[in-house]
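Okay, here's what each chain looks like letter by letter:
Protein chains: 2
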Amino acid sequence: MGGFLKQNESLDEAAVRVLNKLTGLENVYLEQIQAYSEVDRDPVERTISVSYFALINKEEHDFELTRKYDAHWFNFDNLPTTIFDHPKMIRRALRRLRRKAITYPLGFELLPEKFTMKQLQNLYECILNQKLDKRNFINKVNFLNILIKLDEKDKSTSKKGAFLYKFDETQYKKKSREGYNLKIP
Amino acid sequence: MGGFLKQNESLDEAAVRVLNKLTGLENVYLEQIQAYSEVDRDPVERTISVSYFALINKEEHDFELTRKYDAHWFNFDNLPTTIFDHPKMIRRALRRLRRKAITYPLGFELLPEKFTMKQLQNLYECILNQKLDKRNFINKVNFLNILIKLDEKDKSTSKKGAFLYKFDETQYKKKSREGYNLKIP
DNA sequence: TTAAAAAATGTAAAGTTTACACATATTGAG
DNA sequence: CTCAATATGTGTAAACTTTACATTTTTTAA
Numbered sequence: 108m109g110g111f112l113k114q115n116e117s118l119d120e121a122a123v124r125v126l127n128k129l130t131g132l133e134n135v136y137l138e139q140i141q142a143y144s145e146v147d148r149d150p151v152e153r154t155i156s157v158s159y160f161a162l163i164n165k166e167e168h169d170f171e172l173t174r175k176y177d178a179h180w181f182n183f184d185n186l187p188t189t190i191f192d193h194p195k196m197i198r199r200a201l202r203r204l205r206r207k208a209i210t211y212p213l214g215f216e217l218l219p220e221k222f223t224m225k226q227l228q229n230l231y232e233c234i235l236n237q238k239l240d241k242r243n244f245i246n247k248v249n250f251l252n253i254l255i256k257l258d259e260k261d262k263s264t265s266k267k268g269a270f271l272y273k274f275d276e277t278q279y280k281k282k283s284r285e286g287y288n289l290k291i292p
Numbered sequence: 108m109g110g111f112l113k114q115n116e117s118l119d120e121a122a123v124r125v126l127n128k129l130t131g132l133e134n135v136y137l138e139q140i141q142a143y144s145e146v147d148r149d150p151v152e153r154t155i156s157v158s159y160f161a162l163i164n165k166e167e168h169d170f171e172l173t174r175k176y177d178a179h180w181f182n183f184d185n186l187p188t189t190i191f192d193h194p195k196m197i198r199r200a201l202r203r204l205r206r207k208a209i210t211y212p213l214g215f216e217l218l219p220e221k222f223t224m225k226q227l228q229n230l231y232e233c234i235l236n237q238k239l240d241k242r243n244f245i246n247k248v249n250f251l252n253i254l255i256k257l258d259e260k261d262k263s264t265s266k267k268g269a270f271l272y273k274f275d276e277t278q279y280k281k282k283s284r285e286g287y288n289l290k291i292p
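Chains A and B, in that order, are what the protein sequence lines are. When we follow our numbering, the leftmost residue of the first sequence carries the number 108, and every step to the right adds one. When we follow our numbering, the leftmost residue of the second sequence carries the number 108, and every step to the right adds one.
Don't read these hints as lab results, they were simulated from the structure. Keep in mind that this is a model prediction, so the values were computed, not measured. Keep in mind that the hints are not guaranteed to be accurate.
When chains are identical, the list treats them as one kind, so a pair holds in a single copy or across two.
[Said to hold, decoys possible] Straight-line distance between alpha carbons at most 30 Å, and here's what the computed DSS-like set of lysine-lysine pairs gives: (1) Lys195 x Lys281; (2) Lys282 x Lys266; (3) Lys113 x Lys195; (4) Lys113 x Lys267; (5) Lys207 x Lys256; (6) Lys225 x Lys247; (7) Lys290 x Lys280; (8) Lys175 x Lys113; (9) Lys267 x Lys175.
Generate coordinates for the entire structure from the input sequences, incorporating the hints supplied.
If you want it as structure tokens, here you go:
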């Protein structure tokens, strides 16, 4: 989705505004990717676009709004054809997201407050578009020290139930500053 | 150094133009970092800046031009105070350069056609601002397979002389596309 | 002939990553 | 009450990578 920058706002603010207008979402993680400025990229008039990616929990958005603005969700492996240099933007955003995922924690933005290891693993498998080994994944994540294991279980997906975790906010923020390397090939 | 974007050029082209105007350099490696757009960043008028970093072989620039435009060179650990959000831009650029250095080859842009291992190591030590172990560095670099060892020696720095290398252009380009991880802590 | 100076070279130990399979807990059905 | 079904939870050995580290080689100028 796109929009135009106003006089009294920064690009970050504009990105927040446009996203909110079309989804109703607030407090979303947004990150600038880069500026696209080829002279003829928009055949009608000179346009410079600055792209962002957002981490959204899709279930939380306002379905009314997306309907109203005729916005749609697509899987990365089933994208519609897009105009101008937008395909390039999308590819670049995905590359950035993947790099981000293996070097900084980004779960807060996308998981419910309490979640199972399986859910966390699913998230990474989606982002990276590859299957991960359960045991190795858990070991890597535990090593990061950003999760707190709760006494509760989620029984919605199995009879045994799976322990719930939440993020250790202090550690999470620390790792967000420092970064790490999850070393997923 | 900064400048203004013209109607008939892209940001990349503007960056090339400005750099050339102030240094006379051509065919320089330039990479966009990002757009800075806070409403009040320039107290005089609304300005959006897009920052770039360039890889320059300093010896090759036109000294007349830098003198004419009163441009100066600074070490990263001895920077002058700069206006607006430029300190942030500089920090970000350095972070990007370091990441780049350990994940993509960037020697072509900064070394003479033929160079010694020592020179290559010096380059990395400067960029990363840390001493590297000679043997480990050589092993890592050789593993990348991007160098061709020549039969010539450079005798300017020792009586024994040090073998000269050049980049294997095909391999170099391949690695530039694929990336790698030099795993320097 | 020797001294000086930088270049070239290899390995063992420590640490990390990978691949891989079975036991456990729970409950719904019979 | 028992059993079947199902997803969860757990550990290790082998392969690989990284690290730390010291001596020999080559050349020439004195």
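Each hint, compared with the structure:
With identical chains, the CA atoms of Lys195 and Lys281 are at most 30 Å apart between copies only, with a shortest distance of 20 Å across copies and 33 Å within one. Taking the shortest alpha-carbon separations for Lys282 and Lys266, neither the intra-copy value of 34 Å nor the inter-copy value of 49 Å comes in at or below 30 Å. In this assembly of identical chains, the alpha carbons of Lys113 and Lys195 lie at most 30 Å apart whether taken from the same copy (25 Å) or from different copies (23 Å). When the C-alpha separation of Lys113 and Lys267 is checked against a cutoff of 30 Å, the pair qualifies neither within a copy, at 54 Å, nor between copies, at 65 Å.
In this homomeric assembly, Lys207 and Lys256 come within 30 Å of each other (Cα to Cα) only inside a single copy, at 24 Å, whereas the closest approach across copies is 37 Å. For the homomeric pair Lys225 and Lys247, the shortest alpha-carbon distance inside one copy (14 Å) is at most 30 Å, but the shortest distance between copies (37 Å) is not. For a Cα distance limit of 30 Å, the shortest separation of Lys290 from Lys280 qualifies both inside one copy, at 20 Å, and across copies, at 24 Å. For the identical chains of this complex, Lys175 and Lys113 are intra-copy neighbours only, at 23 Å inside a copy versus 38 Å across copies, given an alpha-carbon limit of 30 Å.
In this assembly of identical chains, the alpha carbons of Lys267 and Lys175 never lie at most 30 Å apart, being 43 Å within a copy and 76 Å across copies at closest.
Hints 2, 4, 9 from the earlier list are contradicted by this structure; the remaining hints agree with it.
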